Structure formats: C-alpha cells, structure tokens
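If you want the building blocks of each chain, they are given just below.
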Amino acid sequence: MKIKFWGVRGSIPCPGPDTVEYGGNTACIELRTGDDNRIIIVDAGSGIRPLGDSIVKNDLKNGPLKIDIFITHTHWDHIMGFPFFTPIYIPGTEINIYGPVTYEDEGLDRIIGDQLRYRYFPVKQSELSASINYHPLKERTLDLGDGLFVTTKYLNHPILCLGYRFEYKARSFCTAYDTEPFLNLFPTDPSDPGYDETAAEEGEKVAREENEKLLQFFKGADLLVYDSQYTKKEYEASRKGWGHTNFEFALNSAHKAKVKKLLFFHHDPLRTDTELTDLVARYKKKIMGKTALVVDAAREGMEVIL
Amino acid sequence: MEKEKQLKKIALYINKMPSLPTSVTKVVEICNNPNTSPADLNKVISIDPVLMGNVMKLINSAYYGLSQQVTSLVRAIIMLGINTVKNLALSTAIMENLSSKQNFQALNMEGFWRHSLCVGVTAKLIAKHIKVDTKTLESYFIAGLLHDIGKIPLNHQFTEEYITAVGFSDREKAPLYQGETAAIGLNHAEAGQLVAHAWKLGAEIKDAIIYHHSIENYEGDNKLIVYAVAAANYFSNYSEIGFSGDRFPEKPPEFLMEKLSVDMDWFDDIEDTVNEEIEKARIFLKIAK
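Heads up: the protein sequence lines correspond to chains A and B, in order. Mapping the first sequence onto the working numbering, position 202 (from 1) lands on 202, and the numbers just tick up by one. Positions in the second sequence are counted from 1; adding 1000 to them yields the working numbering.
The shape of chain B in the complex, shown without the other chains:
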C-alpha cells in the first residue's frame, strides 16, 4: 500500500517531467537507419518544437558565425548533408533531457551526468568488443546513458528521503538501491521503469534500466545489453568516473564478465578512451545548452 502511494507520487512527477520530445527510440531509429531519407529526418525532428529548436541552435553554433544564421531544417539538411544533421539530432535528443536538470540536493548533477555518460560510452565499447550488430550500437549507448534515469524523479519527489538513502548506504556500506528501498520503499530501477514506460523506450533499454542491479533475475531476450550496462555501471562506480551516489556498488556475479569476454584489465585498457569520449560529449553539451 505504502509502495503504491510512493509510485503514484513518482508517476505524478514523471507526467510533468520534460519528456523526450518525440520518443527517444523514434529519433534513434530514424537516425541510426542508413536508409533514412531527408524527408523522414525532417519529419521526426520538426514534429517537436523543442528538439527542433535545439538542433537548430546546435547547427548554428557549430557551423555558422553570427552573420549567417540558418533558420530552416530543410536548408540545414541540404547544406550540411543528412549525416551531419542526423548526428546532431541524435545527440541533442538524448542529451537535452539529462542536461537541463538543476542540481539535486542529494546528488551532484555534474557527477550524475558524468557517470551516466561513462556507462553509456562503456556499454557501447563492450558492445563493439563482443561484436554486436553495428546497427544496435547506439542502443547500448542510450541504455547506459539512461540506466539511472529513475534517480531523477526519486530525487525530486523524495528529496529528504534521498539524503537519508545516501546516508544509509554510506553507513551500512551497502549499494545505493538498497538505501533507496530502505528510505523510500522504492528504488531507482523501479522508478526508472515508470520513466521508460512514459517515454516509450524500447524493450532493450527498458530492461537495462530495470535489471542493471539484478541481472541474475533477468530472463528476457535482451541479455547482452542488460549485462553490458550492468558491467559498465560497475566499472564506472569502481573507477569513480563521475558519481551517482553509489559508493559501495555490489560486485557483479562471476558469470557477467565471462559472458561479455571482458575482465578488469580490459576495463583498464579502455579507461582513456572512455574519458576522451566523455570530454567530447561535455563540450558538445556546453554548445547544446
């Protein structure tokens, strides 16, 4: 009963949460498809005024000086080519949602964002390493980027409880999701599930959000992406790239690393690449804002 009340409170917030313009998955699908036509791209971007505005802003700051502003997407596609505009739209659609939030009280936004990005970049590198179909690479990135999205509504609706949750996991040396459940009766995977539903995220991304702390319970069809996100999350917490409140992450089950053919040495090797990618995205964000 208590939990239902909490879930309702979260749902209320999610309804007001600046939703991803069109669903992220639609933009991703269109932008990842090599056969996407200029007309498709134009349509998916222009149905949402916020996304449209941000894409135009980015196009103008990245490619034009003040003297010549490009004001129509059709013009941008004809001038810069479909690939450039696709990439800009893809990054904008995903980033704007994570970057526009103010600081949480319990978590530092910069750290949270860095952690999210680290998990996204790492999950994608794992996907490359295990040679998944290249068409799905971007889904790994997005799943990683959004895996902790449930922390946003939790922090806003239960600010004080969240501080207690962080305190709990520090004191008990326990993973944060346990602290959340103890303090709020609800953890970020459960809250994330509601966000995923509201945003109509694809099944593979949704599964990664729900199961990244409980992979042993996962029996669905998207094992690789769920595992990749879980491993990337552990790596990010362990290497302290960014900070999402998890000072004492659980060591993932043995089989995880085996299934992904990685080990800690492999993670050591990719650390520089991960940091470089995060830096690139950070610069991107500054411009996108």
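Isolated chain A, as found in the complex:
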C-alpha cells in the first residue's frame, strides 16, 4: 500500500505564509494498491484538486480511469473539492463514491453532487462525463476485490462519520477522523435535576465501551491517521462537543492499540507551521523510549509505503 497526503487541514482551506510547510488544503488522502496501481481516495476536500490533476497526468495514459472515493462524512471541508476533481469531466471514467448518510438527509448523490448546480458552479452534475455511482455505507466490512478489504466504524462527530480500515496483503491503514472521544452525555451528579441512575451508569459504560471499540478498530494498524485538531488544553478549555480529538488522546490511544505509526491529522486552520513542528517535537520527546510507536504530523505531499 502506498499512501500520499494531498490535504491535511481541518475546517477550511487556509493558504498563507503560516501553512506553507504542512499545507493548507482540506482532507484528501490517496491510497494505491497492487501492481495495477489501483486508485482509492479518502475524502474530497480541497486537496483532491491537485490529486485529480496528477491522476490525469500519470494514469490516464494507461486506459480509462476507475476510482473509488471513500468519504468519511459530508461536512463541507471533506467534499468541497469534488467539483474541481478533473477526472469527473473525462468520458470513460468510472467513479464509485462511498460514504455515510444520516437517515433523514438526502442521498449522497444530492449531498455531494448538488455542489454542481448552476447557483454554485458553472457545470451541473448531469452534465458530467464520468459515470458516477454512489453507495451509502453503514458499519461493515466490504470486499473491494483484488485482496483489498475495508472495514468501517462509526466515529463521534456531530454528523454521521465513518473511520476506515483498509487491509491489503497483511498491511493495514486506518483513518479515525473527524472524531471526539465518546463521552457520557448523561448527568452523573445525583443533585442534577436530570439525574437518572440507570442512564448515568449506562452512559458511563457506553462511553467506555465505545472508546474501547475504537481502539479495537485500529488495533495493530501499520498506519493510523488520527484527528488531532486541538491540544488537550484547548479541548478542555472550550472545544468539548465539537467532534474532535486532542493530540494527547490520539497519542495514548495509538500506543494502547499497538499502532505502528501515528500521523496527526485535521490540523486546526489556526495552527501555524512553527506551532505544529514544536508540538510534534514535544510529543516525540515525551514518548521517547516509552513506546515503539512512530509519530509525526501529516503534511501535504508526504508519502508512506506499507
């Protein structure tokens, strides 16, 4: 498996002098497998634009494009690059788009494809040359053929969001973003007017179990790309309930689950290159000699071969 990062930022693209090193594009990861260099993409944030151009330049000469795109969730920063993904304009291209959809919402075709409407964009979805098929996903394991499997897991975000675990030839690559540690949402203080003993206990148990399930989900992964938008301090001061994890929690979880390599991901748009480099250095120092885990922050252009 070959993994390349085209967008590592959370929330909104943020180009500028402070984000040159790690990049300002929103989430997009390229995964290649097998001798035929099969193309899998995770998320269609603004990073998918340069990825599309690279695919057209390097892969089109080998015949019609076949591309699988896995959307972690449909928040805008994860789908906004789709209209600028050049392969959708090339006849003969076949694209399968997978992702979770909240039950009452429109289908993926509307949520993602309707960005291509005249009011937003000069081309309509119905005018695209590629053949595009949408597949709603729940929690499950999918056989993608050629020995490639993907397992999905619900994460904790204000909208339905999936983590993906790709397995190929005994190697595994996992995503766990956007997500926040599961919390007990029920009051545990008996003096609280909403207190209910059963709910409080059940809530504690569920939060613990769900966090444990997440550990199981990425257990032993060769590469884990984990939400770490905030530091623990930022998270606890004012970001609880926003649906994101902090560096410390990501680090601890990856260590506990015996992950081999952890990449911090979904960097806050306010996080400057200097800050990020300092944070990574600090965490590396903290864990030195205590774990076999390799840690870094994902950056645009970074490649990992598993």
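Wrong hints could be hidden among the right ones.
[As the list claims (entries may be wrong)] To give a feel for the contact side, a few chain B residues facing chain A, derived at Cβ under 10 Å:
id	residue
1	P1038
2	A1039
3	N1042
4	Y1063
5	Y1064
6	S1072
7	I1077
8	M1079
9	N1083
10	S1091
11	T1134
12	P1253
13	M1257
In short, the hints are calculated from the structure, not lab data. From a predicted model like this one, the values you see are computed outputs, not experimental measurements. We put the CB at the ideal spot given by N, CA and C, even for glycine.
Using the hints, position chain B against chain A.
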C-alpha cells in the same frame, strides 16, 4: 339526543384507539427544543414502551446491520448524537399512529395517509413562506398531518354510514363533511375534536382539526395555523395528491389566500417539493413499520 349517542360511540372507540404513546405534543416539544438535553430526550422516549420500541427499531434499520444491534437508547444517543435520535423520535411518534391502521372500508388507507402527509408538508411550506417563528414549524406539519384524524373513529364505528356519506357527497357534489353530517349526524371535525382532547394535543393543533372546514367561524388565537391547514387541505384535494374522500371540496373564502400571501401559482410551484417530501416520508414509514 341522537348526536350525543353518536358522540358516545366515537368516544368509546377513541378510548381504545392506540393512543399516541406520550402525548404527541410532549414529544414534539422536547424534540423541537434546541436546548433539550440527552436526559430529557431519554426520559420522554423511555416512558413509553411502544414509542421506545419503534425508535430502537428505526435506529437499527437505518444505521446498523444485523451483526450489531443497538439495544439501549442511552447508547444510541451517545453514538448517534442527540439530533439524530430527536428526529427519529419525532417522526416515529407521529407516524406510527397513522400508519398502523388497517384499511377502512369507505376510504383507502394509502390515499388517506398520502393526503394527510400532503397537508402536513404543505402547511409547513406555507408556514415557512409567511415566515412564522421557526420553532413552530413542526406544529404546522403535525396540525396538517392530523387534521383529518376524526375520520378514523368515524370509519370504524360507522362503517356503513360512512359509505353512505361518501355516496352522498359524490351524488350531491358536496364536500364530504356535509355527507358525514347527513349520514351519521356527526362530521370528522367534531370527531377529531374528541381525538384531540383524548390525546391532549396542543390548542393550535386542536383548532386546526376543528376549524379546517369552517375558518370563517374561527375567532381564536391560532388563526395562521388554522388558515394554513385549511389552504393546504384545499390544495391537496384540488391537486388530488392522495385521497381522503373529498371529491368536491368547498372553495375556501377569498380572504384565506390573501392572509397567507399565496395563490394557485404559488401552489403550482411547490407541488414538486411536496411530492418529494411525501416520497421521503413513505420510505421512512416502510422502515418504521
């Protein structure tokens, strides 16, 4: 005297009618409140085993495969978030009551349901159009959805008379409520009033049920919602989206459309949206069952 006897017969049926689990209004109130806490939501759903069962069923079919069933509401709220569970509970609470009935003899259930939904969806679109407080939007939907609820007890307790009522309005080219009064001595607005009372529906929904055929007599505080339901009902009958027995609806008084700043062109424009919404709800119902 005769009418009192008929009302009693209706009341008997309503007592046995599968009542809305908790009162609909309570669920609506909790689910529509942006500040509702997970604890509130858990409480309002779990006090009723039927609602609880249906919400869990829907959660499992909508979000989980067979391999992993979620069996506790607390878990569902922590995993899926309060908004998702709120929406599911709201729809379930309202829908289960309309969907679980068998066919009437005089009216086709599918048509009745489609009509009810059309009026609900349309009333809500009117509410949006006249920019009512967004917190009350769902009440417009529910008022529209339930406006003909009185037809359910009427059909069950007076099945043969109801066939006569439908025949009467067809022959006389008269609105169905007149046929009901002629054949049964009681119309669905009057029967609906009893249901609204038994289910403890809010005043605005109750008023829409009672006055949707007689808006000129309405002098209460909920004019907009009563008008919206009356107009939506006329649109639904006129456009034949669904069928609730009213082949010859009365044209509503001139002032109605004016008060709501709508006209038939406006209704033409929303028809596609209405049909889409009904389709969505239909799929929902299939799963909820």
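Now the hints, each set against the structure:
{"no.": "1", "hint": "P1038", "result": "holds (4 Å)"}
{"no.": "2", "hint": "A1039", "result": "holds (3 Å)"}
{"no.": "3", "hint": "N1042", "result": "holds (6 Å)"}
{"no.": "4", "hint": "Y1063", "result": "holds (6 Å)"}
{"no.": "5", "hint": "Y1064", "result": "holds (6 Å)"}
{"no.": "6", "hint": "S1072", "result": "holds (6 Å)"}
{"no.": "7", "hint": "I1077", "result": "holds (6 Å)"}
{"no.": "8", "hint": "M1079", "result": "holds (6 Å)"}
{"no.": "9", "hint": "N1083", "result": "holds (7 Å)"}
{"no.": "10", "hint": "S1091", "result": "holds (7 Å)"}
{"no.": "11", "hint": "T1134", "result": "violated (17 Å)"}
{"no.": "12", "hint": "P1253", "result": "violated (36 Å)"}
{"no.": "13", "hint": "M1257", "result": "violated (29 Å)"}
Of the numbered hints stated above, those contradicted by the structure are hints 11, 12 and 13, listed in ascending order.
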